[in-house]
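A.B. asks: Top line first, the protein sequences correspond to chains D and H. Per my numbering, residue -4 is the first one in the first sequence, and the count goes up by one each step. Per my numbering, residue 219 is the first one in the second sequence, and the count goes up by one each step.
Treat the hints with caution; some may be incorrect.
[Stated by the list, open to error] Partial chain D-side listing against chain H, Cβ under 7 Å, derived: (1) 188; (2) 339; (3) 347; (4) 348; (5) 395; (6) 398.
[As the list claims (entries may be wrong)] Computed far set for chain D versus chain H, every beta-carbon distance over 12 Å: (7) 21; (8) 27; (9) 110; (10) 292; (11) 335; (12) 359.
What the hints contain is simulated information worked out from the structure, not anything from laboratory work. Predicted, not measured: the structure shown is a model, and the values here were computed from it. C-beta: ideal position from N, C-alpha, C; glycine also.
The primary structure of each chain is shown beneath.
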Amino acid sequence: MAATTDAPEGTPGTVRLGQTTSICPRCRRLLDAELIEREGRVVLARACPEHGRFEAVVYGDAERYREIQRFDKPGEEPLHRQTEESRGCPHDCGICPAHAQHTCLGVIEVNTACNLDCPICFADSGTGHQEHGFSLSLEQVESMLDAFVRAEGEPESVQLSGGEPSIHPQILEMLRAARARGIPLVMLNTNGIRLARDPRFAPALAEIGVHVYLQFDGFDESTQIAIRGRSLVEEKMRALERCAEAGVSVSLAAAVERDLNEHEVGRIVSFGVGHPAVTGVFFQPVTHSGRFRADADPLDKLTNSDVIEAVAAQLPDWFRPDDFVPVPCCSPSCRSATFALYDEEDLVPLPRLVDVERYLDYVTNRAVPDLDVRGALEGLWSAKAAGGSAPVAERLECIACATAMPSQLREVAARGFMIVVQDFQDPYTLDVEKLRKCCVSEIAPDGRLIPFCAYNSVGYREQVRLEMSRPNGGDTAGTGVS
Amino acid sequence: MTARTEEALGAALAAATPLGGDALKSCCAALYAQPAVRWLLGDELHPGGSRTTRRALEMAGIGAGDRLLDVASGSGASALLAASELGASVVGVEYGADAVREAREAAAAAGLGARVGFVQGDAEALPFAARSFDAVLCECSLCTFGDKQRAVAEIGRVLRPGGRLALSDAIAEQERLPAELRGSLATIACVGSALSAGGYERLLAEAGFEVVRIESRREDAARLAERVEERLRGARLLGFDSPAELPLSASDALATIGIARQAIADGALGYAIFSAVRR
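The following block holds chain D by itself, in its conformation from the complex (with noise of 0.2 Å):
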C-alpha cells in the first residue's frame, strides 16, 4: 500500500511488522492497512481514498510487541454462530463464521441512562434527555441471557452495564436472572453512587452473589474533574466501605488518560491491596470513540505497554513490567493481567512462582511440564477472570500445588489479587486482525454477540440504539437474526 512507503525499506526506526485490514474513522469503510514500528512504538497506518492517511499507536513498545505474539492461544468454536458472512469482518457481527473465538465475557447494558455526565463516556449516556435512549426490561434481559448460554454452553461471566445499571428499576431481578443460569462471576459495572447513597444495595448484591465492577479513577480532583465531570472520591469512599460491610467484592475500573491520571496508577493498586472489599484492579486505557477529547492525537494515546510500565515504575517493589503477561484467549496486545498473591506484610506476584510465560506460550516449541497447571492458569489469564471469585480461587489452589512446597494452603483463594490491563480499540486504533479473536461480546438485544471493539468502533452501537428506540423497542432475543 503506497501510504506506508514514505520511508525507504531498511531507513532506521520504520520497520513493517504485518499486515492487517482497518477502517476509516471518518467514514468508516474498510482500507487494507499497515502495521509499523517507528521510535520503537507499534504504529497503525491506512489511507482512506476520501479522508487521507491515518495513523494511530497500538503499542507503545515495539519489541514488547513482537515478543508477545507467542501468547496466541488457538481460538475455541461457540456453540452457536447467530449470523451469516456476507459483507464482510467487520460488518457481519453476531458471531459470524469468519470470527476466530468463542465469548469469555459477555456484557449487558441494561440502560442508557445515567446518573452522571461523564465527559469520558463512550456510551454516550447522561442524565438529561436521551436522544434514542432506552431501557430493557426484565423480559429482554433474560432472553439475551437465554442467547448467551446457548452460544457458551456454561458461559462463565457476564457483567450487566449501561448507561448506569444500577439506576434501573430492575437491576437486582436481572442480576439475579444471570446468577439463575448458574453464571458463576455476575459483575455489576457502576459508578458507586447508589451503593454510596442505598444502605440497602450492597446487601441485596452479596444476597445475589454479584461482584461490583467498580469506576475508579484515582484520588486527585483535578482527575475526577476531567474524567467524570465532578469528584467522586467521598462517594467511592463510601460505596467501598458498604461493600467491605456486606461482604461483596471489588475490582476497581480505571479509565487511564496520558497527562492526567498516568500517575496515579500505582496508588490505585496500594489502594486496593489494602482494601478490604477489592480484589483487583482494571485499567483501561481511555478510547477516543465516544464524545471524549475527539481531537486526541491518536500517535499520542496510552496503550497496555505505557500503563504496565506506569505501574511497575510507581510500585517497584511489588511489580516488574513482565509480571504483567498477555491473556492468551484473545490477540495477545489486547489484554495483560497479572495476580499476586498477598496479605498484610507481603505481595508476590504470582509469575515469581510459576513460570507463567511458559505455560501460556503456544508458539515456541515446548513441553508443557503440567497440563493442569496450563489449564488453571489459563482460567486466570482470561476476560471470564475477576479477583476474588470462586472459579479464581479454585485456579490459585491449583497454581499452589504446582510449587511443588509442601503448605497448608491457607486461604490462598481470598489472597489473589488481579490486575488487568485491557486496552479497547477505538476507530483509529481498530485492527480487523485482532478483532477475529475479540471474546468479549456485547449482547445486543436480539441475542446477537458483537465483539466489544466492533460494537463501539464500526457503527453497532448507534444500530442499536436506533432500533431500541423505536415505539416496539425493537426485536428481542430469539426473534431476532438466527
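Position chain H relative to chain D; hints supplied.
C.D. replies: Coordinates of chain H only, in the frame set by chain D:
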C-alpha cells in the same frame, strides 16, 4: 543458624544413605532432588542455568566430536545440551543414583541415548581410565566436594594432555562471609566451602592446569538469590510452614537468603566460569 535448623540438617544427613562413606555428598544429592528445592531454584541448579552452561562450554571451546565428561551431572540437563547443541559425545558421572536414572531416561526421551551416557560414581575417584576425555565440564559442584585437590587431580588424570576444563562455581571470600553463611548447610548451598577466584586458580595450577580465562557471573548469582527469596516469600503466603522435608523453616530460610543477597551485593559472594587447559 538456629538450633532447629542444625537439628533438621543433622536428621537430613543421618537419613541419607551414604555411598562411599561421604554423608555430605549424599545429603547434597538428596536435597537437590527435592521437588520443593528445585522449585525454589526455578529448576536453575546453578546461577544463569543453561545460559551459563553454554558460555562455559564456549569458553573452553568444546564442540562436535569432543569426548566430554560432565562431573556431577545431576539429572543430565547440561550433558544433553552439550550433545544436542554442540554435537559432543558426553558421559555424565553423578553421585546420586536416582539422578542417574532420571538422566538416562531424559537422554532416551530426547533420542540422544547413543551419544550421551550416565554412570553412577564419585568425583574423587572417577571410574574412568587415564586420558580418556578431550574435555571436562564441572558446574557448581567442586565447591561441595570434601577433597577438592583430589577431585581436581582426578579430572586432570582422565583428561588427555591439552584437554580442556570448563569449570563454573560459587566463589567466596570466606573471611568476609557472615557466620550465617558458613557451616554444613552453607556447604550444601555451595557457599560454605567455596574458594575465592584466586583459590580456584591456585588449586588448578597445582594440579597441572593453566587457567586461560575467568569470567565473573555475579549478576546471575544475584538473580538466582533474588528468585529464591521471592519464592520463599511466595511460599510463606501459600502457608509454607517448616515442613519436615526441608532442613530449614521459612523464616530462617528468608533471613539467610537476605544475608546471602547482601554478601553478593558486597562482592564477598559470587559465581564465576573458569576455562583451563591441562598441560
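A.B. asks: Taking the hints in turn, state whether each one holds.
C.D. replies: Right, here's what the structure says about each hint:
1. 188: violated (35 Å)
2. 339: It is violated, given that the least Cβ distance between residue 339 of chain D and chain H is near 11 Å, above 7 Å.
3. 347: For residue 347 of chain D, the interface hint holds, since the closest Cβ of chain H sits about 4 Å away, which is under 7 Å.
4. 348: Status holds, d = 4 Å.
5. 395: holds (5 Å)
6. 398: holds (5 Å)
7. 21: holds (50 Å)
8. 27: holds (42 Å)
9. 110: Holds, since 40 Å exceeds 12 Å.
10. 292: holds (40 Å)
11. 335: violated (9 Å)
12. 359: Its Cβ never comes within 12 Å of chain H, the nearest being 15 Å, so this holds.
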